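K.L.:
Each chain is listed here by its residues.
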Amino acid sequence: MDVIGGLNNFKKIRFTLVFFYVLFLLSCGSKDAIQNVDLQYQDSSAIGVSFETSDVNDLKFFLKGETKTSILGEIKSSGHKHHFTPVIPFRAAQTYEIRQGGRRLYSFKVKDLKNPDRPELITIYPTKDTVPENLLKMYLIFSTPMQEVGNASDFISVFNETEQREVELFLNLEKDLWDKDHTRLTLWLDPGRIKTGLIPNKLMGLPLRQGHSYTITVLGNWKSARGIPLPKNYIKKIVAGKRDNQMPDILNWELSDPAANSKEALKISFGESMDAILARESLQIHYKGEIPVEGNYTLGEYENTIVFTPKDSWNEGVYDISSDSKIEDLAGNNMNHLFDTNNEEIKKPTSSETHYKRSFTVF
Amino acid sequence: MKALKWGLALTGIILIFVAAGTEKTSKLTSNFTKGNPGIASMDKLAFGPEGILLIGDTKNAAIYAINTMDFKEKSEAEEVDLEAFDQKIASSLGTTADQIQINDMAVNPISKSIYFSINIIDGTPVLLRLKGQEFEHISLQDVSYDKIELENAVGINAEDKRGRPLRVWAISDLKYHKGKVLVSGLSNKEFGSTFRSISFPFDDKQDYASLEIWHAAHGQYETHAPIKTFDIIELDKTDYLMASYTCTPLVLFPLDDLKTGVHAKGRTVAELGAGNSPLDMISYEKEGKKYFLMSNSNRPVMRIKYDEIADFKETLTEPVEEFAATEGVAYDNLPFPYVLQMDILDDKNVIYLQRTAEGDLVLRSRTTKWM
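Top line first, the protein sequences correspond to chains A and B.
Note that our numbering gives residue 316 to position 315 of the first sequence, counting from 1, and the numbers run on in steps of one.
Note that our numbering gives residue 307 to position 294 of the second sequence, counting from 1, and the numbers run on in steps of one.
Isolated chain B, as found in the complex:
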């Protein structure tokens, strides 16, 4: 009798755990299928909830959601300081650094694991995860996944109004925000620069708006300039898309305005200098205040205070005549040039990939206290 009681109790506990486990994966991954998603390129990575990795595939003009099953909670990440990082990746693939390219980096906010999408010289995409000083290969041969094809994505041979092939810009950045997958890039529609908001789990509904900005460095309105990188900022209880463009305007669009068929005009709040292209943007909190970091092709990492953006009520509409001069929201230059990738590692640290003055590629974590 006693044994039976124990048996029933044990069965109950197991059932509770199984139910909890099923509950955890059923909400967002119930539509997922198992198999090889057939990803052709991994241009952009971003993490959604529950360890779901979002992959932007420009060649297939699609977004993939992969259940990495990597949801073991970790509050603090380990310190990272790896030199010759590209050589290390190349060695782990049995090749040399000139045969690979690191496309993107993303941190799983639950496990704090760092993921990398790599291109091999022949275009083969590879997904790796850092484990201590080594890498793990994340095989996508047989995974649980879902995908959505981007509506009106730039055709593989489409060209812009100047005849310039556009496909390369199909996906320029990717983020997850409040149940939506946000994607910037270009579409085949009349106005080239689009921003998509896709419900997740994918339900085949995607809002896409075309965007127009005042480009102070070019002295004219532009619709063809694609967003290079973006983040979301909340001002007066409204979410805004904060988009950064090549050459380097910073523009705000109310997120609610970005709907299908809408041609949205942005409010340019900063001109961060011509002759530069933004590479990555992240936000973090320090001592109760929020900051944004933006890495650049030809400028060091810029730190912008949330309060500065909130207090800037104007719109820049005058050309910046002096080459590489800046206007609008103030920013600080941090002593980190040539930062190629950044992400939030945990509550207190960021992780970044940087090309040093000596030409070495390093992956380092750093406390936000000193950022």
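One chain only, chain A, in its complex shape:
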């Protein structure tokens, strides 16, 4: 009896211990529980998270899947309420975990960006397919600011279709040449290979070979500054044509004939494709030699033309069109000198004028 009674007592004690142990665990669980988690967004970025818990000692935030390196940031507390601000905003669509002493207490997912500005490659200049063999540069124009990490060469490949091999066409720079907005990238074909007499030119020749076809691929994994990739690979095919050894000459440009008292556009035909960016920035029209004429410049097909639409109607009289001498054709030849100044065979007189002008009359 005593033995049986002893066993029963033991069972009772064990049951009581288990009960208290479970109660203890439950109480611990409730003590550690993360509640009322609320992510704060600003301009679609998750800049912080507020939550409630009784103990924030050793509480850390991690990228999901990462267990060693916690996220840097600051926790501000007021009683049981806390707010964590990471050094940089949480990433869109990424899952994060709140851990304490190595134990995961909570995980949360950041909202995906609403209507994210998916980047697009709007234009590749030059837009024409046949380019001079001494082409100097190309521009990629994107719809939104692009990522500020990595190198453009990671996202651009060039294949020589004629020789059936991948080639390095563009100058690889430590820091890429972006404009302030990070939407326009300038890609240089190595000037050292284009200028006659320089060692790279002697050893490797021009980057493009006349008669050869090239496929330039801009990869779809190139991301915007918000981390959104391009929607697809973009392909541009070019053929290297004959060498351009002529300097642009304003006197050779053809001008249309807008009528007085109208807002007809003035069409300027260069007679060749020009550097798209410089063409837009280099021209200015004046009335009676000094009064600037306001209006918009729009590049025409293949950058062969630029169309000026005046804000106000044309007056009768004499106008000047002035071009900054820095305007360039596709080979980098400007109004003062050829890009390849070293080539004795094609050498032309150079100048240091800042602007060139010609007049036209509106009737």
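Quick caveat, the hints were computed from the structure, so don't treat them as lab data.
In this text the structure is predicted, and so the values were computed from the model without any measurement.
Check the hints yourself; a few may be wrong.
Pairs of lysine-lysine residues, derived as BS3-like cross-links and limited to a Cα-Cα distance of at most 25 Å, are as follows [stated by the list, open to error]:
1) K77(A) <-> K110(A)
2) K181(A) <-> K160(B)
3) K69(A) <-> K144(B)
4) K318(B) <-> K250(B)
5) K77(A) <-> K47(B)
6) K176(A) <-> K72(B)
7) K243(A) <-> K349(A)
8) K112(A) <-> K82(A)
9) K196(A) <-> K278(B)
10) K224(A) <-> K112(A)
11) K382(B) <-> K87(B)
12) K181(A) <-> K72(B)
13) K115(A) <-> K224(A)
14) K65(A) <-> K115(A)
15) K72(B) <-> K224(A)
16) K65(A) <-> K112(A)
17) K224(A) <-> K110(A)
18) K65(A) <-> K144(B)
19) K82(A) <-> K110(A)
20) K318(B) <-> K361(B)
21) K224(A) <-> K65(A)
22) K289(A) <-> K358(A)
23) K144(B) <-> K61(A)
24) K85(B) <-> K40(B)
25) K129(A) <-> K233(A)
26) K218(B) <-> K160(B)
27) K224(A) <-> K176(A)
28) K224(A) <-> K181(A)
29) K237(A) <-> K129(A)
30) K77(A) <-> K144(B)
For this one, chain A is given, so just place chain B on it according to the hints.
P.N.:
Frame of chain A, contents of chain B only:
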């Protein structure tokens, strides 16, 4: 009475300490203001005295001096050996390695702390300090700082004579030397490659000289090539700027000649091979002899002996016709390819950031004995 004596003595001691503390920060930081300096990009880092961190901001075309208050002296640094370093930085920022870029690294010579400037994918600059195996974020929201805008810095949309946008080169390297902040880069002046010497503390005076070099790999004189990295070398009691350029000439300019309005011609002492770009340059002493280390984009780390430079009295003026051939001062190739950043960690060690053959980015310290 006894208590009063003790009280006075204690007050005296406190006053001495306060005065000493004030003295320490007043000399160089008395012009500093408190607040958010508004740094737009942290392209280059360098330490001045008293834990003052110099930050080269190309986007704002300015140099910032930040009082890090990190001046607790330490004679020896801890050994560093961290693998997957870019992933570690990315994880500490709650993101992935493809979303960040390590722009520069600098060691505080007093505390031996290692600082990193990081770019986030959207261009946000972040300053981190290594602490053991982890990082600390150095917030610049409310710091003691001063700044100086670079005179005639390249305009944000400026282009070179070939129409190439130049702003990216506005600050190519930055160092502190004998009370001056030395900055290499490009300016809007006729001659593109400039070197600036700015008094520190900043007093709005900056000397900037344009530089011309004989570029043996290109076979011509160049003024538009910007210095990629530089150091200072003393030869016959004269300080020289030792500048390294893309493709890869090593050129000496007497530091005293580099003054406003001067168009200085350098003495090319080495041509270290075309098809390469120098990335970083440091100097150290070992067994009483001085050495320079230069890391490169397409070459291993080069070690150049001070004595070799001192003994080289010529100027290279002939083109190097053979591709990637070298001329001039001799150097040793060290077995460290793809070293992206280097700095002096302490008297006996250097620290470097290297991309391994497996593609891993590692941060390691190494004794100069084996460098």
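K.L.:
With reference to the structure, classify each hint as holding or not holding.
P.N.:
Status of each hint after checking the structure:
Between K77(A) and K110(A) the alpha-carbon distance is near 21 Å, which keeps this suggested pair within the 25 Å criterion. A distance of roughly 22 Å separates the Cα atoms of K181(A) and K160(B); the hinted pair therefore holds under the 25 Å criterion. Between K69(A) and K144(B) the alpha-carbon distance is near 14 Å, which keeps this suggested pair within the 25 Å criterion. The straight-line distance between the Cα atoms of K318(B) and K250(B) is roughly 17 Å, inside the 25 Å bound, and the hint therefore holds.
Restraint check for K77(A) and K47(B): the C-alpha separation of about 23 Å stays at or below 25 Å, so the hint holds. Between K176(A) and K72(B) the CA atoms are separated by roughly 13 Å; this keeps the pair inside 25 Å, and the hint holds. Of the supplied pair hints, the one linking K243(A) and K349(A) holds, its CA atoms being roughly 18 Å apart against a limit of 25 Å. Between K112(A) and K82(A) the alpha-carbon distance is near 22 Å, which keeps this suggested pair within the 25 Å criterion.
This hinted pair checks out: K196(A) and K278(B) have alpha carbons roughly 23 Å apart, not beyond 25 Å. Taking the CA atoms of K224(A) and K112(A), the gap is near 19 Å; set against the 25 Å cutoff, the hint holds. The hinted pair formed by K382(B) and K87(B) meets the criterion: a straight-line CA distance of about 21 Å does not exceed 25 Å. Pair hint K181(A) plus K72(B) holds up; C-alpha atoms about 8 Å apart against a cutoff of 25 Å.
A hinted pair counts as satisfied when its Cα atoms are at most 25 Å apart, and K115(A) with K224(A) qualifies at roughly 17 Å. For a cut-off of 25 Å, the pair hint linking K65(A) to K115(A) stands: about 22 Å separates their Cα positions. For the given pair, K72(B) sits about 21 Å from K224(A) by alpha-carbon distance, which is consistent with the 25 Å threshold. Restraint check for K65(A) and K112(A): satisfied, since their Cα atoms lie roughly 15 Å apart, inside the 25 Å limit.
A C-alpha spacing of about 21 Å is found between K224(A) and K110(A), which places the hinted pair at or below 25 Å, so the restraint holds. For the suggested pair K65(A) and K144(B), the alpha carbons sit about 23 Å apart, so the restraint of at most 25 Å is met. Of the supplied pair hints, the one linking K82(A) and K110(A) holds, its CA atoms being roughly 20 Å apart against a limit of 25 Å. Distance hint between K318(B) and K361(B) is fulfilled; the C-alpha atoms sit about 17 Å from each other, no more than 25 Å.
Proposed proximity of K224(A) and K65(A) is supported: the alpha carbons are some 22 Å apart, at most 25 Å. For a cut-off of 25 Å, the pair hint linking K289(A) to K358(A) stands: about 13 Å separates their Cα positions. For the hint pairing K144(B) with K61(A), the CA-to-CA distance comes to about 17 Å; that is within 25 Å, so the pair holds. Among the hinted pairs, K85(B) with K40(B) is consistent with the structure: their alpha-carbon atoms are about 18 Å apart, no more than 25 Å.
Between the alpha carbons of K129(A) and K233(A) the distance comes to roughly 21 Å, so the proposed pair stays at or under 25 Å and holds. The straight-line distance between the Cα atoms of K218(B) and K160(B) is roughly 12 Å, inside the 25 Å bound, and the hint therefore holds. With a CA separation close to 17 Å, the supplied pair K224(A) and K176(A) stays within the 25 Å bound. A hinted pair counts as satisfied when its Cα atoms are at most 25 Å apart, and K224(A) with K181(A) qualifies at roughly 17 Å.
For the hint pairing K237(A) with K129(A), the CA-to-CA distance comes to about 10 Å; that is within 25 Å, so the pair holds. A hinted pair counts as satisfied when its Cα atoms are at most 25 Å apart, and K77(A) with K144(B) qualifies at roughly 22 Å.
Consistency note: the structure conflicts with none of the earlier hints.
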